[in-house]
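K.L.:
So the chains spell out like this:
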Amino acid sequence: MNGQTDAREKRDTFWRRLRLRLTADEMFHETEVQANRLGALTLLCSGILLVLLLILTAAGVFLLPLSSVFPPFIQAIVEVLILLIVCRAVKYDAWWLKHLLMLGLVIVYARLDSVLTHKAAILMVIPVVLSSRYFSRRLTVFTSLVTTVVFACSAAWGATHGMININIVTAPAGTEIIATGGFLGEAVQKISDDRMLTINTMLYDYFPRWLMFSIVSVISCNIARRGRDMVTSQHEKDVKTARIKSELDLATRIQADMLPNIYPAFPDRREFDIYAAMDPAKEVGGDFYDFFLIDDDHLCMVMADVSGKGVPAALFMMASKIILANNAMAGKSPAQILTAANAAVCAHNREEMFVTVWLGILEISTGKLTAANAGHEYPILKHADGAYELIKDKHGFVIGGMDGVRYGEYELTLEPGAALFLYTDGVPEATDAEGAMFGTERLLAALNAAPAAAPDAVLQNVRAAVDDFVKGAEQFDDLTMLAFKYMGAARENTI
Amino acid sequence: MTINKTKNGGALTIAPAGRLDTLTAPELEKELQTSLPGVTELTFDLSALEYISSAGLRVLLSAQKAMNARGKMIVRGVNETVMEIFEVTGFADILTIE
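Line by line, the protein sequences are chains R and D.
Under the working numbering, the first sequence has 281 at position 268, and the numbering climbs by one with no breaks.
Under the working numbering, the second sequence has 108 at position 55, and the numbering climbs by one with no breaks.
Just so you know, these hints were derived from the structure itself, not from any lab.
If a hint is listed, it holds; no wrong ones were tucked in.
Pairwise CB distance ranges (calculated):
| # | chain 1 | residue 1 | chain 2 | residue 2 | range |
| --- | --- | --- | --- | --- | --- |
| 1 | R | Q473 | D | A70 | 33 to 41 angstroms |
| 2 | R | E43 | D | T87 | 43 to 51 angstroms |
| 3 | R | A360 | D | M136 | 29 to 37 angstroms |
| 4 | D | A70 | R | D38 | 47 to 55 angstroms |
| 5 | D | E94 | R | A477 | 46 to 54 angstroms |
| 6 | D | G124 | R | E487 | 39 to 47 angstroms |
All C-beta atoms, glycine included, are put in the ideal place defined by N, C-alpha and C.
Given the sequences, and given the hints that come with them, work out the whole structure.
P.N.:
Encoded structure:
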């Protein structure tokens with residue numbers, strides 16, 4: 014009882030090991046299924062050809078007796094049908110199918126070869142050429158060996174049963190051949206003995222053919238190996254690309270999470286309303302906005318754009334954002350913040366990256382806005398009873414550009430109902446298919462089309478106007494905007 | 054973008070034409086790296102430049118810093134669009150624009 018179970022277990026592991034050994038790696042699975050389909054197609058074509066040959070023979074075109082062709086051809090056709098049914102049944106996807114197909118093809122062709130002999134010499138190479146499509150040298154070697162053995166048998170059998178090759182028939186001097194009508198081979202067959210035919214066929218027919226076949230085998234092995242290398246290196250590249258993609262996806266989320274992005278941002282503050290959005294052109298971008306309360310009465314707003322795009326810009330952006338916020342939280346004025354940030358950035362900036370920054374601090378109780386601009390786009394302001402217009406403010410040099418730059422600042426007063434719109438150059442420089450830029454005039458027009466809109470609506474309006482302008486043309490720059498509306502000090506609003 | 058350059062002893066004139074942006078700036082940066090050694094007077098002729106992005110500005114800034122150490126750099130032929138970008142970014146203050 015126990016012995017039986019052991020034997021069974023042993024058999025199980027043998028089969029499992031064999032299966033494991035013959036199953037292709039995951040990356041070759043698709044290749045194998047495709048190759049199986051090609052094998053089935055080859056079988057189908059062979060089957061059609063066999064039927065055609067059979068009909069032509071029956072019609073008397075080939076001058077062969079149907080009785081000599083009928084049994085082997087029918088046998089081959091049945092084999093083809095069985096193999097095709099198996100292929101369909103397993104949907105071309107089984108770990109043993111490739112071996113079965115190669116073996117089946119070799120046997121089908123060998124059966125034909127045994128009848129047609131030297132006329133169908135080329136059939137010998139088909140299975141081995143097809144096997145190279147599996148990109149498995151082992152399978153090609155297997156097919157070569159099987160072909161060598163099976164075709165040797167078929168050649169030996171065909172020497173006495175198939176069509177005779179009169180060029181290799183040897184006869185003693187003075188032998189007379191009497192033609193009886195039909196093929197010359199039939200007349201020749203009468204004078205030859207079986208042993209001589211078999212030896213001559215193997216030596217003069219099969220052996221040279223096998224030498225040529227071995228060259229095709231070597232080439233097929235090489236194709237299989239090269240194919241395998243190509244699939245492997247492509248797979249490695251795919252894995253690498255997928256890893257970079259997943260890392261970039263995570264980086265995109267980290268970057269987005271670094272910016273305040275839950276709205277309303279300050280649900281308990283009724284004095285102002287603020288919304289912002291960043292759409293990087295690549296996975297990660299160099300633009301950023303920021304806003305935070307320094308204390309109960311001071312709101313800091315930042316809009317910035319790092320030179321360049323993608324990962325380098327994103328890394329620089331993260332550092333810049335933190336430096337600016339830290340300096341702002343230390344209670345400095347906008348000009349002092351920019352001056353300190355410039356010094357900090359310049360200290361470690363061998364790649365000479367820079368960032369343009371507009372930074373403003375609003376005194377919430379009075380509406381007094383103090384701002385400084387380091388090479389950034391002009392902010393857009395709407396006074397309570399006016400239209401949105403550009404503020405051509407005083408510009409300092411970009412941050413990180415040159416050590417020791419000092420920045421100036423300026424003051425504006427926001428009255429209740431005033432609104433502020435900040436953006437990066439991705440907005441005015443959004444480009445349509447003809448290369449025309451959106452421009453600040455279209456931006457102002459879009460803002461002034463709905464001057465009383467709430468900040469979230471302002472962002473949607475501008476985005477819609479930009480999308481409408483570019484009409485789907487691919488954009489190469491990040492698109493970042495911030496809309497702010499001032500409602501006035503708390504006590505005026507709590508009535 | 055195409056880059057035309059004329060070298061006359063220690064004087065090098067570089068005239069980029071077209072758009073100088075993220076895609077084309079590395080080309081100019083490479084060009085500068087190879088031809089800048091030994092140059093004491095660098096002139097950028099921007100008369101055929103249609104647009105410059107921040108990546109292009111970065112290359113100009115690098116060139117300016119490199120030339121500060123061993124000669125001078127002049128920018129000429131600046132059109133209105135590019136001049137506006139120079140003014141907004143503060144580059145107008147650090148470049149010698151003729």
